[in-house]
Amino acid sequence: MSNVLIVAEHGAGAIRKATLHALAAGQEIARRTGGQVHAALLGKGLGPLAADLAAYGVEVHVADAPVLERPLAEAFAPVLADLAKAIGATHVGAAATAFGKDVLPRVAARLEAGMATEVLGFGGDGANVTFRRPMWAGNVLAEVEIATAVKVFTVRTTEFAPAQRAAAPGAVHAVAVSIDPAALRTRHAGFREVKSERPELTEARVVVAGGRGTKGDFAPIEALADALGAAVGASRAAVDAGWVPNDWQVGQTGKVVAPELYVAAGISGAIQHLAGMKGSKVIVAVNKDPDAPIFQFADYGLVADLFQALPALTAKVKAEK
Amino acid sequence: MALKILVTAKRVEDPESKIRVRPDGAGIVTEGVNYKLNPFDEIAVEEALRLKERHGGEVVVVSIGVDKSQTELRAALAMGADRAILVRHDGPLDPAVVSAMLQKIVEAEKPDLVLMGKQSIDDDQNQAGQYLAERLRWPQATFASKEASLESEAEQKKDPGVVLGADGRSLTVVREVDGGVETLVLALPAVVTTDLRLNKPRFASLPGIMKAKKKPLQELAAAALGVDLAPKVVVKRLSEPPARKGGVKVADVEELWKKLHEEAKAL
Ligand SMILES: Cc1cc2nc3c(=O)[nH]c(=O)nc-3n(C[C@H](O)[C@H](O)[C@H](O)COP(=O)(O)OP(=O)(O)OC[C@H]3O[C@@H](n4cnc5c(N)ncnc54)[C@H](O)[C@@H]3O)c2cc1C
Ligand SMILES: Nc1ncnc2c1ncn2[C@@H]1O[C@H](COP(=O)(O)O)[C@@H](O)[C@H]1O
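Protein chains in written order, with our numbering: chain A, 13 to 333; chain C, 1115 to 1381.
Please keep in mind that the hints were generated in silico from the structure rather than gathered at the bench.
Just so it is clear, CB atoms sit at the ideal spot from N, CA and C, and this is done for glycine as well.
Any given hint might turn out to be false.
Said to hold, decoys possible - Not everything, but these chain A residues come out facing chain C in the computed CB check (under 10 angstroms):
#1 153
#2 156
#3 193
#4 270
#5 273
#6 280
#7 301
Said to hold, decoys possible - Beta-carbon label-pair distances, calculated as ranges:
#8 C:1322 with A:161: 44 to 50 angstroms
#9 A:161 with C:1168: 54 to 60 angstroms
#10 C:1221 with A:161: 24 to 30 angstroms
#11 A:210 with C:1301: 35 to 41 angstroms
#12 A:26 with C:1378: 31 to 37 angstroms
#13 A:178 with C:1221: 32 to 38 angstroms
#14 C:1368 with A:43: 45 to 51 angstroms
#15 A:161 with C:1116: 32 to 38 angstroms
Assemble the whole structure, with the sequences as input and the hints as a guide.
Here is the structure:
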């Protein structure tokens, strides 16, 4: 047996899109190893979500229990590690989201497994499947082998097209949960959601991002984003200043995006920012400094004050609609 | 209520240095590259110092790496940490192995809290804290941040972002997750990993640097810890990603629109 276990994520009553990209990565590993793809779904009151996931043609293992209401790594890790053992998983993966990065290393520790983060692709076959991943803020690509019997990984969602629904759904199995809530030493005490009507940053077709050059005024950035139906991103400088939510940071240590169009306004183009957006199809830079490093990477560079250029572009977009 | 805090401190390439792959793909070019304390670990040291200033206790920094990692340990001591431990190891390391070594240090030192960076900026793995927490069966809060911004008054006053409970046995941590910020309460002992917005690390003062020279720095060989040092993640080959070529400068918004519309077909 050489099965692949993909850990699913859900929110607001739906399977998260990131999981579909991770399933596609799992399917690719299964092709290389001759195994089968299974999915783990943990939570409380999951209802129809298991069937939604099984529609992708994978066997779904559902652990539905009050103690799993919140994705606490301390509670999730033992359930996932036991499941991986029970189905004979040789590969355990998830999307490289905050959730995946939080939980999967703990699963790896339980399985005495090595782990690769933010995997971009695979090589080789059978037990020798290798993993391609970025290092040094994406300045370097590494091909790595995981030397342990079980191999754990998270995948960069932008590198894998989402899995497609299959003709026949996979089977759904219930997983018994024996975690004692009283023994848990982690307690969830609140969540402040950053509400947004805009598309999810990592899934958006267009991203408009602002940096320190906005001086805290993101209105022109947001107006252009809304005219384009785009998501809003930001550099670390803008987030650190408290101008916009953390969740908007694009880069080495923030989100990685690869939209059709990325507009960077008032962003200098530091290597740590590029690490998060250089996979974009078309990059536009608006910066008033003609020597800003971002112009070395942008497909189209406009040397201008963003407070003039962005409203003009927004007006143009609206007029042409 | 005094807290004993263990902080990890990794020596990494300066994020400002240009990283190039050696022609044989077996490593990076190290000539001309500067080294420093991993930026996330600097944040961890700062947070530990703030907790100690508020509650009393001891801050112990530990690094696993080559002899030269002493420089980064001294940097942490100069910021204000009390003593340092260097686990000498010359060779490839991965978070699975690092965490096994750290487990031994934790078992010997018995801290109330282990503060670590969320990610080493060389390997970008973002794993060691979580591995360590599971090995110890301790609770964890990764990506620790705080509600107040780095420009806020609380930050000016150097308030700790993670908050010790009145009983001294629990810690409230605000963490950056997808779609918002989550608050967790951990029973100590626990592992916390830092994100960028937890604090602005202090600079070492001149007296701090002088004092650091005399602070205890204990050294031991990795082999003495009795853990399997064989890497679990083996790097076969490094390469440089294809460079993204710059395009053209456009004269004005009108031309930009035209290019995006007609040439790139992006709008
Ligand atoms: C460990 C580590 C991790 C990091 N992770 C990230 C990360 O994930 N993401 C990230 O973005 N950064 C990250 N950084 C920070 C990164 O190195 C840069 O400091 C940051 O990206 C700079 O942000 P910026 O471009 O907005 O600001 P600046 O570099 O200050 O650039 C502002 C730009 O705005 C231009 N400008 C000013 N006014 C105007 C105007 N009116 N109109 C047009 N242009 C104007 C200026 O010419 C300038 O080019 C990280 C750094 C470290 C050390
Ligand atoms: N060799 C090391 N020595 C000390 N601390 C380390 C070492 N490697 C990793 N760490 C710690 O683990 C954190 C996460 O690292 P990583 O999982 O490698 O991204 C870092 O921020 C460090 O605090």
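Which hints from the list above does the structure break, by number from lowest to highest?
Numbers 3, 4, 6, 7, 9, 13, 15 - these are the hints that the structure violates, sorted from lowest upward.
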